[in-house]
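S.K.: Below, each chain spelled out in residue letters.
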Amino acid sequence: MSDAVIKCESVYKIFGENAEKMLQEANGNVDAKTFQENGCIVGVNNASFEVAKGEMLVVMGLSGSGKSTLLRCISRLTDATGGKIFIEGQDLLDLNNKELIDLRRNKMGMVFQSFALLPHKTVVENIAFPLQIKGINTDDSISKAMDMVKLVGLDGRENYFPRELSGGQQQRVGIARSLAVEPDIWFLDEPFSALDPLIRKEMQDEFLRLQDKLQKTIMFITHDFDEALKLADRIAIMKDGIIEQLDTPAKIVLNPATEYVRKFTEEVPREKVLLIEDVMDQTKNDNLGDLRVSKDEIIENVAEKILTQEKTVGVIDSNNKIIGSINPTKIINTVFGGRKKWKLTYGIFKKKPKDISMVVFISCFFCLMFFNRSPRNI
Amino acid sequence: MFLLVVFFALCFSIEVPETYKFIRGQAEFIKDPNQSTFVFAGKEVRYYAFDVFWRLPPLLGWLPIWINDSLFFLMNDWMPMEFWNEDTQEFKTRPLLLQISRNLTGFMTFIIELIREILLGGLETIVAFTSWDFIDANPWAELPGLPWTIVAAGATILSYKLSGKGLAIFAGLTMVYISIFGQWKPSMQTLSFILVAAPLSFIFGLGLGISAFKSKRVEKALYPILLVMQTMPQYAVLVPALVLFGVGDHAAVIITMIVAIPPMILLTLLGLRAIPPEVIEAGRMSGCNNWQLMFKVLIPTARRDILIGVNQVIMVCFSMAVISAFIGAKGLGFNLLLALNQLNIGLALEAGLCISLIAILLDKMSLAWANKQTDYFGNLTFFERNKNTIFFIGAFIIGIILAYIGTFLFKGTFNYLFEIPHNKGISTADFWNKGVDWIFDTFFVYIKAFNTWLIQEVLQPMRALYLRMPAVATIVLVVGAGYLIGGIRSALVVCGLTLFIALSPWWDRALVTTYMATFGVIISCLIGFTVGTLCFQSKSAARFMLGVCDIFQTFPSFVYLIPVMMLFGITDTSVLIAVIVYATIPATRYTIEGLRSVPIGLHEAATMSGVNKFQRLTKIEFPLAFPHMMLGLNQTIVFALFMVIIGAFIGTEDLGQYILKALSDKNGAGIGLTLGICVAFIGLIFDNLIRTWVGKRKKHLGIA
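From first to last, the protein sequence lines stand for chains Y and U.
Numbering of the first sequence is given in the working numbering, commencing with residue 1 and proceeding in unit increments.
Numbering of the second sequence is given in the working numbering, commencing with residue 1 and proceeding in unit increments.
Hints listed in this document are in silico derivations from the structure and should not be mistaken for laboratory results.
Fair warning: this is a prediction, and the values are worked out from it, not measured in the lab.
Any given hint could be a false lead.
[Claimed, not checked] With a Cα cut of at most 25 Å, we get these calculated PhoX-like pairs of lysine-lysine:
#1 Y:K107 x U:K296
#2 U:K296 x Y:K144
#3 U:K296 x Y:K134
#4 U:K619 x U:K539
#5 U:K364 x U:K216
#6 Y:K98 x U:K214
#7 U:K216 x Y:K21
#8 Y:K230 x Y:K295
Model the full structure from these sequences, guided by the hints.
M.R.: Below, the structure is given as structure tokens:
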């Protein structure tokens, strides 16, 4: 892809004293365990990917999976140990300090999990901060910041201090601050993780609205798979520093590449993620009913319609041309099929612990009775 | 348990040698045929020899002499160089260090004089730029100094601008008080001293704090010095400074800086450390370069701790303003000392109040300045924007006119609208003195009885007990405690510190110091913990008490001696009571803060399990707040040690007395410094033990 804004080529980040030497010796074959024995911790292990202009890449992983480290390598808050990172074709690791600062002042914006607002500045001062750092004079930067305040819907609170705002509002300030310099690339490091579920949902919607309007190139970090599914154009799932799978949400749900990824996808309500296109039968079928559905429709929205049909339903593309078919059984399979297995296993597990705990309890009881008789104080 | 058994066994098995007596006063300097001597590195040390188990020989006795000699060498013989002498217009050979110190003092003197002359008038500054001949030719060039009305108005307007009406009224009242009570000149002298010392200490402290934050190596190098400096009594630093910088305000400024910088460094470092990494990253991502990151992100974010540092600096400056009167700093401190010497309690009280008021004022002003916030959306007119400046110019003109009118009004006498001279103001000194006399006359019997009882029944036996301890037993006890609390490492550190004191010639004195401090600490902890606990029961009381603690902490330590001398005269009791009052502050404060830090969730959980107030206190709040309260104990010990040493001014026979004596001794530098280190080490022993214990305990409780 030529229009890749961010491009990573086998990026490594290893913490520890002689990390670089060890990386060279490992010769591209980094094993976390052997590194750990030598006092090094592998943060990012051989990450290669591209993010296209206007695309939103969500990096998903549990805590300690190296997703935040990856982001910090790309924003060069930490220097990668090995590999190459290109921002708009420019090698990030080649930049000197001044060029890096220029890049950050004009091209990059970042939002943090704990908001990272400056406690001594008001909302508007916080938002104006990157502008003032850039050297824009006070009046201009404040008026620009006020525009951002309006954009994130905080008007009337511009003179509040961060401590006087709720979590959601603080993160709005964080978002506004990161957008103030009109960056092309937008990094978000678990921006909504510290928020309540309701606020989180609200902020996600708000975020989608903003992205609709602004069309930035985004790297979004989260540990919430649902959030990833909701927001992402593509998802990268990380584990122990390795990118396990990088694909569109639908493909990840349908074809999990590894066991680890499969575990995440199991609980996902497929009807909310998959499109008709993903599950349709592409072979030609003449025995179609009257109903037609678009291939870009999410299953959930059309499931009821399809299920009321007796005959197979035709799938059309944007030109109203029939490109495949789908029958009600298929829908039922997709919606419930994945989860049946999981429910069964869960049932088995549910029974077992009870028995075990009973045994433990009784044996403990006997032990107590037995030991109590022996003299304890010497 | 085992430790105590060993300790007492040692205590009882080692008899007091018959020849042992606690040597008072100057007796140690008299040659005595009973003394033994040893020679180390060319220095002869004489001492009374005892059984090694009873008292260790003062193997470090050469240290002060050696320090003295090396200082002398550095100042007089080290690296002589040729310097251009302005006065005689020729090159002159001078040792490098002497030249450096002279240049430094010259510079300091110049700044102090400059500020002083703006406030009070004079001609030194102008002379510095021109010459005496110029002044003789143009007598008009002599600065007249600002009339007090203008300074008062200026302080009020500045306070108003910074914080609002409340502070402005306070500032105005303070200034009027100072002026009316005839303390104007000394106050301005003190102020000029502080206006130099405080900002310089702040800048240096901040700078060093930042460099320690940036480089691990600097931090490692600074840390032990900081620790010792923090517990070193301020007296002790005076003596070497006397040698290096001579007598006067400049030396006082330098000393004040030396004392005030360490807490500033520590608090800067603490504040910078506490900044969440994400804030730093946010700063970086906003495109800050290193400079912007430091001054626009890090320092403002760490503002809270840095402000506490500023507060400390101001506090130390004021307490040094008094103490440095010993080495010839002019101002309120000098007056206070003089009044105390003459036992003129009333006068001392007025001067003390002046110092405290200025201290509180400056403290509040610096706080307000740091908390100030700009309003971007006010569309202000020119007048509104500059009204404070305009008001000040107005006040300036009015003040000058008033002063000018004053010259007609008070013809032949003093111009009260310009400056109220020292002895012409209102003074309540007589009233206070009479009050003190009255109290003395009326309650003399009771006070005396109390005094005698305390000294005979409590203090003397306690002191005897401390002195009765064989050195070996003490070391075993302390090191054992170190081992139990912090393992081998802590034991070694504590052992080193104790050995230093034991091997110095002042072990007995150190024991007396410790006994006084212990007594003070025990009583003030009892009071502090009780008061703190009681106040904690109601929120407003707690807030009130913390406020009181704040204000009390702003008082320079010397001020505490005034009221106790009023009541108890010149006895050990006065010192101890001053110690108790002074040391109760941190005890109370940390108790309240410790109790406050107990999570609310636990409170609720306790209430839901149906405990009553008392149970909640003993079962939940105390155990959890205990580590924090122990930190309070730590502070209490440091404060108590400070006060014990300062109490030497009243007359004690501990280490402090020797430091005071060293001040007037021409070979005192080494002795003063070594004694200071001894006191610092006493503090550090407790500090180490308590901190290690608190650290462990906190980890245990999971609130570290």
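S.K.: The structure should be examined with respect to each hint, and the outcome stated for every one.
M.R.: Tested hints:
A threshold of 25 Å between alpha carbons decides the hint, and for Y:K107 with U:K296 the separation of about 21 Å falls inside it, so the pair holds. Our distance criterion of 25 Å between C-alpha atoms is met by U:K296 and Y:K144, whose separation comes to about 20 Å. Our distance criterion of 25 Å between C-alpha atoms is met by U:K296 and Y:K134, whose separation comes to about 13 Å. A distance of roughly 20 Å separates the Cα atoms of U:K619 and U:K539; the hinted pair therefore holds under the 25 Å criterion.
Between U:K364 and U:K216 the CA atoms are separated by roughly 34 Å; this puts the pair beyond 25 Å, and the hint is violated. At roughly 20 Å between alpha-carbon atoms, Y:K98 and U:K214 fall within 25 Å of each other, so this suggested pair holds. In summary, the hint linking U:K216 to Y:K21 is supported, as the alpha carbons are separated by about 24 Å, within the 25 Å threshold. For the proposed pair Y:K230 and Y:K295, the alpha carbon gap of about 19 Å is at most 25 Å, so the pair holds.
Hint check: a violation occurs at hint 5 only; the rest are consistent with the structure.
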